[in-house]
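Visitor: In case you want the letters, here they are:
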Amino acid sequence: MTTPHVKTTEGFRRITIDPVTRLEGHGKIEIFLDRDGAVADCYFQVPELRGFEKFCEGRPVEELPRITSRICGVCPEAHMMASAKACDAVYKVTLPLTAKLLRELQYNIFYVTDHTTHFYALAAPDFVMGPKSDPAARNIIGVVSKVGLQVGGQVIKCRQWGHEAAAIFGGKPVNPVNAIPGGMSKPITAAERDRLREIVDFMVEFANFTLKLFSDVVLGNDYYLDLVLNGPYRLETYSMGLVDDRNRVNFYDGKVRVVDPEGRELCKYSPADYTKVVAERVEPWTYLKFPYLKQVGWKGLVDGKDSGVYRATPQSRLNAADGMSTPGAQAAYEEYFEKLTGDRSGKRPVHHTLAIHWARLIELLNAAERAQELLRHPEITHPENYRVLPTATPSEGVGIVEAPRGTLTHHYVTDEKGIVRKVNLIVGTTNNHAAICMSIKQAAQGLIRKGEEVTEGLLNMIEMAFRAYDPCFGCATHNLPGRMPMWVRVHDADGTVVSERRR
Amino acid sequence: MAETHAVQRSSMAPAEAWEPRIIAFLCYWCSYTGADNAGTARLKYPPNVDIIRVMCSGRIDPEFVTTAFAHGADGVMVLGCHIGDCHYIAGNHKTMARMPLLKRTLVDLGMEPERFVHEWVSAAEGEKFARLVRDVTEQVRRLGPLDWPQRLVQRGVGTGMGREAWGH
Amino acid sequence: MNANTESMARTGKLKIGMYWAASCGGCDISLLEIGPHILELAAAADVVLWPCAADFKYRDVAAYPDQYIDLCFFNGGVRNSEQEEIARLLRRKSKTLVAYGACATDGGIPALANTTTVESIFAASYLDSPSLDNPARVQPQPITACEFGELQIPHFYRHVLRLADIVEVDYQIPGCPPQAERVWTAILALVAGELPARNRAVKVACTDKAVCDECPREKRKVRIKEFRRPHQALAEPGWCLLEQGFICMGPATRSGCGALCINANLPCRGCYGPSGAVTDQGVAMIGALGSILDASTEERARELIDQIVDPVGTFYRFTMASSDLRGSR
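Residue numbers (the numbering used here), protein chains in the order written: chain A, 1 to 503; chain B, 1 to 168; chain C, 1 to 329.
Since the hints were made in silico from the structure, they are not lab data.
Keep in mind that a hint or two might mislead.
Said to hold, decoys possible - Subject to a maximum C-alpha distance of 27 Å in a straight line, what follows is the list of computed DSS-like cross-link-like pairs (lysine-lysine):
#1 A/Lys146 to C/Lys225
#2 C/Lys13 to A/Lys157
#3 C/Lys225 to A/Lys132
#4 A/Lys417 to C/Lys225
#5 A/Lys450 to A/Lys417
#6 A/Lys92 to A/Lys417
To be verified - One-sided excerpt, in silico: chain C residues whose CB lies under 10 Å from chain A:
#7 Gly26
#8 Ala53
#9 Ala102
#10 Ser129
#11 Val191
#12 Ala192
#13 Pro196
#14 Ala259
Note that the Cβ used here is the ideal one computed from N, Cα and C, for glycine as well.
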């Protein structure tokens, strides 16, 4: 938007998409076309930042779950849980069983709400209305008009009930507050458990309905299926996700597993070891950093086994795991891998970017089924074991959960009174920044043909390349770059400065 | 905040001409009487303190202090009756709790602690009043101008001009 | 006008917009919390801007006639040049502009960045973090030259600002995020023109009283004997948290939320901003706390005050940008 004075090199034409839409957060895309109208290059830039890592210093660590939940109002529970786990580690406290059950239960119900919101409000318009349909109608309201109020009503109900559940646990439907060091701030009563059962039973039905809808509307449509399988939306990267002790997908707890583009395990690490595996690079044209795998090394914005670029998305979680922990989701997992790789065991990873939407819905079912299981546990309503009081001297801790958009790491260092000294966050979408840049460029190069008009619909199909990731740039850009002297540097692919000038 | 009432630094002469501007909130029964007595006794003290009289130090809302700083005061004083002597029995009990907490907050916001002084001055303590004014004026003079309104302009508060210059 | 606006003008429906600046997206989600009412809203109004959920771009908005948008919600604080530009653009293009949520109204949690410097925030992210690989000490730049042209990102202000610091605001809806039921009532009133005079940033979808008014816990009118942090002790159910020594911002916070956090057994942290005519929430809380300590000597008062941790981050958590001092020195 604010680029009236930005220069474009002679002989090239620039197309700007600003802002990107149907996601959480801010971003813009700059596409450069050469004289023939072919794509010379494409940049995805994130223009926003706020500074959480710095302004959390000086805060009491037990307040961080409530503060960091404001990194993102779409996935506040993700930050709240990662933060609470980091606080547990800071205070070296072990949660009683009921507290663990409640955390995982609340988190899985949140997953259903969040994945539902993304699919229906942010992603579905492209598939239900059509990627090149009238932009004025290409949104949730258009979708509801097209699929009918009955279906629309179910979507609203799922979200409504999901937020009711959030409020049962943590007071507020958006930014619930209840995860604290040592557990939760309140238990659930038998009556609340019964209401949650009603909510979750509906969510399982709704999840199955949504998978069927996807199958009918997307997989059953030749054009979309072709787009998913053969369109310019495929990157062969490493995959990252949390797994339990049986290497099944778990959103709340476990170890982080990374597999290579062929599905072989590269490593499996505990939260405290995250800095041994992941490092972050900086580019001058975006505020967001680029995490990569240290073992493999940074080779630039390229995919493949020799590049440290990795993805942390629902698809990556399914790739990194050996299966799902609940029966309906496991069946859906097998069908997904069968269709996309020919091998229902899931040994071979899926790399089709648009298929992330499908993986997301499998997770939606898994989360609802897992919540059903947890609600059956007799200890879930225990009136006392929902928390313990920490007694150890606080110092340092790391907490990791899978945010809907990717592996989320909170790392805190405190003084002996539990006042925060230092915070480091690697947030869901940040993991995917390199891949998102690459996906957008790939789509631009694949869709923009020399001599053909670049229509609004075509630009939207380029945006579809990032929408599959369900990006949350508010999350990703929690940090602030600070003051920027007015000078520029040009880097080559290794990060070496090739030229520098001051304005 | 009513920015229109900020002290107009731009109209002042260069730095050498700066004089500390200190606002003092005094309670009627003890500290104001004490200040009055300093006057009748012709005790010498600098003219940098502007006195605002309230009936009781318990009337002093911490907001008076922050407003004074935000509008350009270089120092603020809050004076009241000694504990046990409050004309309204326990008004100064509130003051004795509020002012230290306010001071901690101001210090955490980067203000030098010497700029905000909270003391008890009785009706008979004209000498103490004069001494306080001399000491606080000198402390603040050594610290230099606070000029919080200018700080706010530099940070970009206020409409229009100056914002383009930041971030570079 | 472009094709979008032409087709909408024909329908004669209300035009509404929602924009996010330095925001977390929670306010956008909170608007969805009006639940089934969203269908009523969709029947009566056309969305003409909502980057979260709809594909209108900046150039579409720039092409709208002035005052085209009947009701525009702006959430998030203003912390960079792009956000200021859009705030001004939306003021021109909107009949009614509403600051929606704590960030647009008071700065919100991102305004805690006003207590530190842009340089140190910079260092924490790009120079000094345990997972960083940045030996060349690269930093984001407002303009970067690439082979094909210049790449631009907005330049950052040294300060988080509220919407009302940039443009005239008609109404403000406080809360982090605002609670849906009251928001819906406010939308109905706004559309029907039943709200008080505009252009004075009147706060709506809330009450004038403090959270204590909505809090169901019993106030025993006892003084505070000891301060404790929420994870250090179990609170007695049903009894005022502040009286038990857990700092609760209720007395200094506007109500309208239904005291939701307190119902989750945690104290209020002040997200609705100051109540009544108060403008600086932090000093209001300091004043309130000073009145209710169980102390009759200065030593005892100091002892209690020393138990309070992080006054700045607790008393100004959501309202640093509307406080008297606005931030650190």
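Visitor: Hints first: check each against the structure and report whether it holds.
Guide: Going down the list of hints, with the structure as the test:
Annotation: proposed proximity of lysine 146 of chain A to lysine 225 of chain C is violated, straight-line Cα distance about 62 Å (limit 27 Å). For the suggested pair lysine 13 of chain C and lysine 157 of chain A, the alpha carbons sit about 26 Å apart, so the restraint of at most 27 Å is met. Distance restraint check for lysine 225 of chain C and lysine 132 of chain A: the Cα-Cα separation of roughly 66 Å exceeds the 27 Å cut-off, and the hinted pair is therefore not satisfied. For the suggested pair lysine 417 of chain A and lysine 225 of chain C, the alpha carbons sit about 20 Å apart, so the restraint of at most 27 Å is met.
Using a Cα cut-off of 27 Å, the hinted pair lysine 450 of chain A and lysine 417 of chain A is violated, with the two alpha carbons roughly 63 Å apart. Distance hint between lysine 92 of chain A and lysine 417 of chain A is fulfilled; the C-alpha atoms sit about 14 Å from each other, no more than 27 Å. With its C-beta approaching chain A no nearer than about 2 Å, glycine 26 of chain C sits inside the 10 Å limit, and its interface hint holds. Nearest Cβ of chain A to the Cβ of alanine 53 of chain C: about 5 Å, under the 10 Å cut. The hint holds.
Satisfaction of the interface hint for alanine 102 of chain C is found here, the shortest Cβ-Cβ separation to chain A being roughly 9 Å, below the 10 Å cut-off. A distance limit of 10 Å between C-beta atoms decides the matter here; for serine 129 of chain C the minimum to chain A is near 5 Å, and the interface restraint holds. The closest approach between the C-beta of valine 191 of chain C and any C-beta of chain A is roughly 17 Å, which is over the 10 Å cut-off, so the hint fails. With 10 Å as the threshold, the beta carbon of alanine 192 of chain C stays out of range of chain A, its nearest partner Cβ sitting at about 22 Å, so the hint is violated.
With a least beta-carbon distance of about 27 Å to chain A, the hint placing proline 196 of chain C at the interface is violated under the 10 Å criterion. Hint status for alanine 259 of chain C relative to chain A: holds, with the closest Cβ pair at about 9 Å, below 10 Å.
Checked against the numbered hints listed earlier, the structure breaks hints 1, 3, 5, 11, 12, 13; every other hint is satisfied.
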